[in-house]
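Protein chains in written order, with UniProt numbering: chain A, 1 to 389; chain B, 1 to 389; chain C, 1 to 389.
The set of hints was computed from the structure by calculation and includes no laboratory data. Mixed in with the good hints there might be a few duds.
Non-contacting residues of chain C with respect to chain A, defined by C-beta distances greater than 10 Å in every case (computed) [claimed, not checked]: (1) Glu131; (2) His202; (3) Val286.
Computed, partial: chain C to chain A, Cβ under 7 Å [unchecked claim]: (4) Leu252; (5) Thr255; (6) Arg278; (7) Tyr282; (8) Pro288; (9) Glu314; (10) Phe318; (11) Gly319; (12) Trp352; (13) Ala357; (14) Trp358; (15) Arg377; (16) Gly380.
Treat the numbers as computed from the prediction; the structure is a model and nothing was measured. Glycine included, each C-beta is placed from N, C-alpha and C at the ideal position.
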Amino acid sequence: MPAAERPDPAELPLPPLVDHHCHGVVRSELDSAAFEAFLTESDAPAALGTTFFDSQLGFAVRRWCPPLLGLEPHCPPAHYLARRRELGVREVTRRLLTASGIGAFLVDTGLPGDLTTPRELATASGGTAHEIVRLEHLAERTADTALTADDFLTGLADGVREAARTAAGFKSVAAYRYGLDFAPEPPAPAAVHTAAERWLAHRSDDPGAAARVTDPVLLRHLLWSAAHTGLPLQLHTGFGDPDLRLDRCDPLALTDFIRAVRPTGCTLILLHGYPYHRGAGYLAAVFPHVYADVGLALAHTGARAGAILAEMLELAPFGKVLFSTDAYGLPELYVVGARLFQEALAALVNGWVAEGAWSRRDAHRVAALLAADNARRVYGLGVASGRDT
Amino acid sequence: MPAAERPDPAELPLPPLVDHHCHGVVRSELDSAAFEAFLTESDAPAALGTTFFDSQLGFAVRRWCPPLLGLEPHCPPAHYLARRRELGVREVTRRLLTASGIGAFLVDTGLPGDLTTPRELATASGGTAHEIVRLEHLAERTADTALTADDFLTGLADGVREAARTAAGFKSVAAYRYGLDFAPEPPAPAAVHTAAERWLAHRSDDPGAAARVTDPVLLRHLLWSAAHTGLPLQLHTGFGDPDLRLDRCDPLALTDFIRAVRPTGCTLILLHGYPYHRGAGYLAAVFPHVYADVGLALAHTGARAGAILAEMLELAPFGKVLFSTDAYGLPELYVVGARLFQEALAALVNGWVAEGAWSRRDAHRVAALLAADNARRVYGLGVASGRDT
Amino acid sequence: MPAAERPDPAELPLPPLVDHHCHGVVRSELDSAAFEAFLTESDAPAALGTTFFDSQLGFAVRRWCPPLLGLEPHCPPAHYLARRRELGVREVTRRLLTASGIGAFLVDTGLPGDLTTPRELATASGGTAHEIVRLEHLAERTADTALTADDFLTGLADGVREAARTAAGFKSVAAYRYGLDFAPEPPAPAAVHTAAERWLAHRSDDPGAAARVTDPVLLRHLLWSAAHTGLPLQLHTGFGDPDLRLDRCDPLALTDFIRAVRPTGCTLILLHGYPYHRGAGYLAAVFPHVYADVGLALAHTGARAGAILAEMLELAPFGKVLFSTDAYGLPELYVVGARLFQEALAALVNGWVAEGAWSRRDAHRVAALLAADNARRVYGLGVASGRDT
Numbered sequence: 001m002p003a004a005e006r007p008d009p010a011e012l013p014l015p016p017l018v019d020h021h022c023h024g025v026v027r028s029e030l031d032s033a034a035f036e037a038f039l040t041e042s043d044a045p046a047a048l049g050t051t052f053f054d055s056q057l058g059f060a061v062r063r064w065c066p067p068l069l070g071l072e073p074h075c076p077p078a079h080y081l082a083r084r085r086e087l088g089v090r091e092v093t094r095r096l097l098t099a100s101g102i103g104a105f106l107v108d109t110g111l112p113g114d115l116t117t118p119r120e121l122a123t124a125s126g127g128t129a130h131e132i133v134r135l136e137h138l139a140e141r142t143a144d145t146a147l148t149a150d151d152f153l154t155g156l157a158d159g160v161r162e163a164a165r166t167a168a169g170f171k172s173v174a175a176y177r178y179g180l181d182f183a184p185e186p187p188a189p190a191a192v193h194t195a196a197e198r199w200l201a202h203r204s205d206d207p208g209a210a211a212r213v214t215d216p217v218l219l220r221h222l223l224w225s226a227a228h229t230g231l232p233l234q235l236h237t238g239f240g241d242p243d244l245r246l247d248r249c250d251p252l253a254l255t256d257f258i259r260a261v262r263p264t265g266c267t268l269i270l271l272h273g274y275p276y277h278r279g280a281g282y283l284a285a286v287f288p289h290v291y292a293d294v295g296l297a298l299a300h301t302g303a304r305a306g307a308i309l310a311e312m313l314e315l316a317p318f319g320k321v322l323f324s325t326d327a328y329g330l331p332e333l334y335v336v337g338a339r340l341f342q343e344a345l346a347a348l349v350n351g352w353v354a355e356g357a358w359s360r361r362d363a364h365r366v367a368a369l370l371a372a373d374n375a376r377r378v379y380g381l382g383v384a385s386g387r388d389t
Numbered sequence: 001m002p003a004a005e006r007p008d009p010a011e012l013p014l015p016p017l018v019d020h021h022c023h024g025v026v027r028s029e030l031d032s033a034a035f036e037a038f039l040t041e042s043d044a045p046a047a048l049g050t051t052f053f054d055s056q057l058g059f060a061v062r063r064w065c066p067p068l069l070g071l072e073p074h075c076p077p078a079h080y081l082a083r084r085r086e087l088g089v090r091e092v093t094r095r096l097l098t099a100s101g102i103g104a105f106l107v108d109t110g111l112p113g114d115l116t117t118p119r120e121l122a123t124a125s126g127g128t129a130h131e132i133v134r135l136e137h138l139a140e141r142t143a144d145t146a147l148t149a150d151d152f153l154t155g156l157a158d159g160v161r162e163a164a165r166t167a168a169g170f171k172s173v174a175a176y177r178y179g180l181d182f183a184p185e186p187p188a189p190a191a192v193h194t195a196a197e198r199w200l201a202h203r204s205d206d207p208g209a210a211a212r213v214t215d216p217v218l219l220r221h222l223l224w225s226a227a228h229t230g231l232p233l234q235l236h237t238g239f240g241d242p243d244l245r246l247d248r249c250d251p252l253a254l255t256d257f258i259r260a261v262r263p264t265g266c267t268l269i270l271l272h273g274y275p276y277h278r279g280a281g282y283l284a285a286v287f288p289h290v291y292a293d294v295g296l297a298l299a300h301t302g303a304r305a306g307a308i309l310a311e312m313l314e315l316a317p318f319g320k321v322l323f324s325t326d327a328y329g330l331p332e333l334y335v336v337g338a339r340l341f342q343e344a345l346a347a348l349v350n351g352w353v354a355e356g357a358w359s360r361r362d363a364h365r366v367a368a369l370l371a372a373d374n375a376r377r378v379y380g381l382g383v384a385s386g387r388d389t
Numbered sequence: 001m002p003a004a005e006r007p008d009p010a011e012l013p014l015p016p017l018v019d020h021h022c023h024g025v026v027r028s029e030l031d032s033a034a035f036e037a038f039l040t041e042s043d044a045p046a047a048l049g050t051t052f053f054d055s056q057l058g059f060a061v062r063r064w065c066p067p068l069l070g071l072e073p074h075c076p077p078a079h080y081l082a083r084r085r086e087l088g089v090r091e092v093t094r095r096l097l098t099a100s101g102i103g104a105f106l107v108d109t110g111l112p113g114d115l116t117t118p119r120e121l122a123t124a125s126g127g128t129a130h131e132i133v134r135l136e137h138l139a140e141r142t143a144d145t146a147l148t149a150d151d152f153l154t155g156l157a158d159g160v161r162e163a164a165r166t167a168a169g170f171k172s173v174a175a176y177r178y179g180l181d182f183a184p185e186p187p188a189p190a191a192v193h194t195a196a197e198r199w200l201a202h203r204s205d206d207p208g209a210a211a212r213v214t215d216p217v218l219l220r221h222l223l224w225s226a227a228h229t230g231l232p233l234q235l236h237t238g239f240g241d242p243d244l245r246l247d248r249c250d251p252l253a254l255t256d257f258i259r260a261v262r263p264t265g266c267t268l269i270l271l272h273g274y275p276y277h278r279g280a281g282y283l284a285a286v287f288p289h290v291y292a293d294v295g296l297a298l299a300h301t302g303a304r305a306g307a308i309l310a311e312m313l314e315l316a317p318f319g320k321v322l323f324s325t326d327a328y329g330l331p332e333l334y335v336v337g338a339r340l341f342q343e344a345l346a347a348l349v350n351g352w353v354a355e356g357a358w359s360r361r362d363a364h365r366v367a368a369l370l371a372a373d374n375a376r377r378v379y380g381l382g383v384a385s386g387r388d389t
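Just chain A, same shape as in the assembly (with noise of 0.2 Å):
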């Protein structure tokens, strides 16, 4: 489309973002492999002759975030860099997360590395922060100073009630550590106590292999416990490191889960879900209490952010789909997720609104949904006091 025909993403208005699900930055200079790594879920260097600065999100990063350095869309990826390190990267930081456009960030706290706060990602932005916490890390914390399975699971039903008192949410990362097609309803406390005995004698034995908690029993009992609390509960689903299997991330096999909690009143957010977006979209559509968002599905397809938040809005009601850019480790990453959903979803609200399919007034108001309002419902955050700015 020549771009005197484009719809110009400015004539949609939004508010300031509300990013639900989002990890820190991290606080020290990233030299140049380490920036690149963190462009990629692969957990090795890209293949020899190539770099991950050519992906989708590579050239996303180089078209949105130059400008706020200084710098012309596209340069070359050792100019950005070289200017990354003149200006420092609380400098960086500061810059990058300011121009992002969000308002309100909800920060999973429970991921490793010398990351920012939610409090310091509110102050270099100027916006507001609250903790979402990981369930594996509570488990795993709680594990570190535990002697006995009934010290683990006291201090683990201690946490999560003193969580429940102050984060926003809590967040299971079941996906990658065992899948998603666990047995549905809650373990009994014998088999929980058990397997609890035995995830402790392993790591006593053997603390580096063990340290983690893999074990479904044990899994479930993070997801019971937390759903019990009343707080949202966000599952990742769909694609991420390569920890997981992604066939067995599909978020259709939580269906079972998901009849099984309903009756607790538990809200729960599936994230990303790409490939199985769709899935993801059904299933907010059919159970009251399920919400989805394309959170990482949106920056890491760049170019294409459009076709996958276009498929979430297929069978997903509009009020049942978040924004996030699950940004972690680089502020380019909240950039470049705020901008492409932002763009993505102008061009398709304008898109149906010229061909007839939708009102202005309705895509204003469901992009607003999505960009904030949906997520400040679920979340019980109140309306932004910089709303009207």
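Given the coordinates of chain A, assemble chains B and C onto it according to the supplied hints.
Positioned in the frame of chain A, the structure of chains B and C alone reads:
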């Protein structure tokens, strides 16, 4: 695309549509909640703070139907529902059905509710109507009066034989009742007898819960009974209400059944398929007796209907794709299903003609195949009398 | 889009294509039915009242090929076939191959039929050709003359070693013969021996049915034998003929095998993938030794080829995607596969450049990677001599 450049759907001449899979509409007035419930496959009210009107289907209804009742497109739902009550359900049904462009209706009569009969649909629309017999409903009606398994099986065989004399085809909802991953071969008579005895016994013990046939042996017996009549057999695949596990409704799960049933000469039509419709297209491409439709998926995805139809038209040969609305309850769903199909098809094929990928002559011919001619050939309906009007 | 605004594919400079996966073409004249049979993966004639010419592939052949034989695009199939017979298969093959824009052919020589050899393809096209050895075919030829399991296994090891000296790579059709859900680890030598004995015994009992290798132990032995040679290994994934169960050909089913084979240093290339190509793109993104192509899917989806290619270019890094035609039998399929790829790629990347999502320089560089450079690097082909022409 600016309006001036949009291909005019009127440029795509189409015969009166044959809707090869639909249901009756509700005879009585509907309040707002009851109307909204027909806009979703969910069995629960919309989540707090949301409405099913905020969905692609809701927006499509608001686009196409208000003008047929003398209102502006996209007027608020409350205005539309008030106008609907003002005109009365009889007049609304008449107006919407006659405006739908559908000339022949193949009606699955196995759904509950106070619904119009095929004859009433024909009268209200000025078209023709034929019956599709839902196998599970036939089995349940037969079981209602059967005293023994022998009674039941004899009655069922009679019912299938009788239906085959008058109906245009059969339909199975084995997807909902069990899943499509059933054993492919016909069940042994002794196994069928045992399963029938067990089901009838459960029915007398617990008439509510056991009323529905869910035993895979009986479901397979129904399928094979229908296959031997030589009539086309519709199979629900893909998304639908939350009774089903969507991941057990992938049409590819039918592959071995498709192979097994091939020698009977039975034609299979895979309904809906979403989000597995590309797999349905593959099956239609490689098995001569397999056809595919994208009925329900077009209505429920609204502004995205063109994307779904395009995906179906990737592998499926053009002689193998059928149109349907799967309309149920609301006459609005006939209008929406038909308009979305016509508009999506016109945009796709006119676009391909503009690119040079298709010739205009082929485009018009293929459009007629999908709109009516394939269904007329498969169900033996003869050429429409209204074809030249 | 009006013709005047369409990006001109000529604006995307491409090197001569490297077709890294194709087959020979039939040497003899084909009647209409035989020609049509090459337009489908079905093993049966088209359903009554339909023709395989009425498909995206059929329309693509009619778009691109008639002008190369002096006819109008989209002329009736009968005219095209008459002209084809008039010119003779030799001249038709020469015209179509030289017009295809393909400079190098990697030819899987394991398909039956009176097909041109790689050398003949090279001669007819003016390009170069290399052999890809199909593992199952190698095993079957070896079994034809082996008297004992020891004979067979020694002969197979020799055959693999010899092939590795001259071939550009290996190919496995384990997808067709068993499915991709095989055990990931190498089979134990004793198990291989037992399986070989069993297969040879069946072969002498029933030479017809048992001629093909389908035992998963033997199929795994073939894969691991090839992996240890260090040559690239092509794996059929996704759709193909109705021998396979498509739902057992999801490339994600290979995840554990991909992990297991990684230490050998073997490069894996996942062919086709449709409709699971997004999963193939994910695997190419997270595993350094995995590559993906969308060969067969482009030709068979015709006017929709751009949509498939776009989906592959979501997660797959641009250094990991390879072009192929998977042409088999008809020289037309080289033309169609190449044209659809070139046009789809040009439309996509020119569109992204127009939106500002990609730079023009990157677009041209990435296009060359996909068209030829990735394949040259992976198969060690060196730079094309015709590159500067």
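Exercise for the section: Could you check if C/Pro288 really has its C-beta closer than 7 Å to a C-beta on chain A? Expected result: C/Pro288 check passes; min Cβ-Cβ to chain A is 4 Å, inside 7 Å.
Practice task
Mind verifying the non-interface call on C/Val286? Its CB should be farther than 10 Å from each CB in chain A.
Solution key: violated, 4 Å
Handout entry: When the least beta-carbon distance from C/Gly380 to chain A is tested against 7 Å, hint result
Key = violated, 11 Å
Problem - Reported absence of C/His202 from the contact zone with chain A (all CB gaps over 10 Å) - result: Given a closest Cβ separation of 32 Å, the condition holds.
Problem - Interface hint status, C/Arg377 versus chain A (Cβ within 7 Å) - result: holds, 5 Å
Practice task
Verify the interface restraint on C/Glu314: the C-beta must sit less than 7 Å from at least one C-beta of chain A.
Solution key: holds, 4 Å
Handout entry: Supplied contact hint for C/Tyr282, tested at 7 Å Cβ to chain A
Key = holds, 5 Å
Practice task
Identify whether the interface hint at C/Thr255 stands, where standing means a beta carbon of chain A within less than 7 Å of its own.
Solution key: holds, 5 Å
Problem - Hint validity - C/Leu252 Cβ closer than 7 Å to any chain A Cβ - result: Holds, because the Cβ-Cβ distance from C/Leu252 to chain A comes to roughly 4 Å (cut-off 7 Å).
Handout entry: Hint status (Cβ of C/Trp358 to nearest Cβ of chain A, threshold 7 Å)
Key = Holds - the Cβ of C/Trp358 comes within 7 Å of chain A, reaching about 5 Å at its closest.
Practice task
Classify the hint on C/Gly319 as holds or violated, based on whether any CB of chain A lies nearer than 7 Å to its CB.
Solution key: holds, 3 Å
Exercise for the section: Answer holds if the nearest beta-carbon of chain A is closer than 7 Å to that of C/Arg278; otherwise answer violated. Expected result: Holds: closest Cβ of chain A sits about 4 Å from C/Arg278, inside 7 Å.
The structure is inconsistent with the numbered hints 3, 16, although it conforms to all the rest.
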